[in-house]
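Chemist: Sequence:
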Amino acid sequence: MRALADPVRLRILSLVLTHPSGEIRRGELADAFELTGPTVTHHLTVLCRAGLLERERHGTGVYYRATHRALAHYATLIAPSVTEANQLDPARVRTIEPADPLHRAVLDRIADQLASRFAGVFSPETVARYVHESYEMLASRARIRRFLPSLTANFAAERLAALAQAEGQRPNTCPEVLFVCVQNAGRSQMAAGLLEQVAGDRVHVRSAGSTPVSELAETVWQVMDEVGVHMGREFPKPLTDEVVRAADYVITMGCGDACPVFPGRRYLDWPIPDPIGQPLDRVRKIRDAIDERVHQLATDLLGTTA
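For the sequence shown, the working numbering gives the first residue as 1, with consecutive numbering after it.
Hints are computed from structural coordinates only; laboratory data are not their basis.
A virtual CB, placed ideally from N, CA and C, is assigned to each residue, including glycine.
Hints may be right or wrong, so weigh each one.
Derived DEER-like restraints, expressed as beta-carbon distance ranges [stated by the list, open to error]: (1) G61 with D6: 21 to 27 angstroms; (2) K285 with A32: 22 to 28 angstroms; (3) R141 with S14: 23 to 29 angstroms.
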């Protein structure tokens, strides 16, 4: 990847991947590399545009964490000690739970940050419960558990936002669409990415899986890149009640029986074949079939896709 051809950017990504909390402040990077703030910002921007890092502001600080794509494709290459340590001590891999001192401290900080974000909406106790529950849901299928806290932060924030909408704590400003398939590694991810490309911020899109796996299929990354949809921030997520309750449209692909039914939602089932394990040409055809349905859905929701 061209973004990693620069040795400074390679070192930055390595530092983020090996940081104990799974994320790092911009100021820490500037100190570590003895570079000016604008220079560090430039390199971080390139890595974000390449889908390797994502940026989030917490209070007055700006934090960067590796995307799921970076974790899936580069963690074992750039930071081999992370996975080697886990492989050398299988008991350690099995016992990394919220009670682990390092993870507990990071999860507590995530809960504090989300409690501030959702102040006046949910109590700190509710936020903490969602954070730890989200961690456990992701931990049950994670391959590299060192990075669970950063994935947990994203997943818990999405669940809390959905719950706030479902309970009327925060008004919906646009239609809410949820795509669901079995693994959340192919069809539902492609549909969500394509609808976001077509509709932008006029529609809020989520995706989930009834039995999610650990990462998106490589062929899905490739065929989506071909049409300008970058999936670097996406990772398979479990289907939960609150994301269904927050949706106006729930669109299933091969898992309709697993999706809870709540009144007031419109449920659709798209008979789309599973791209997992299919050759690239077949995955492209599946992507195009989803794209046709997505454009029709956008027209139904918005009246136009222009």
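Chemist: Given the range 23 to 29 angstroms, decide if the beta-carbon distance of R141 to S14 lies inside it.
Modeler: holds (25 angstroms)
Chemist: Okay, G61 versus D6 on CB: inside 21 to 27 angstroms?
Modeler: holds (25 angstroms)
Chemist: Take a look at whether the Cβ-Cβ distance between K285 and A32 falls inside 22 to 28 angstroms.
Modeler: violated (46 angstroms)
Comparing the model with each earlier hint shows a violation of hint 2 alone; every other hint is respected.
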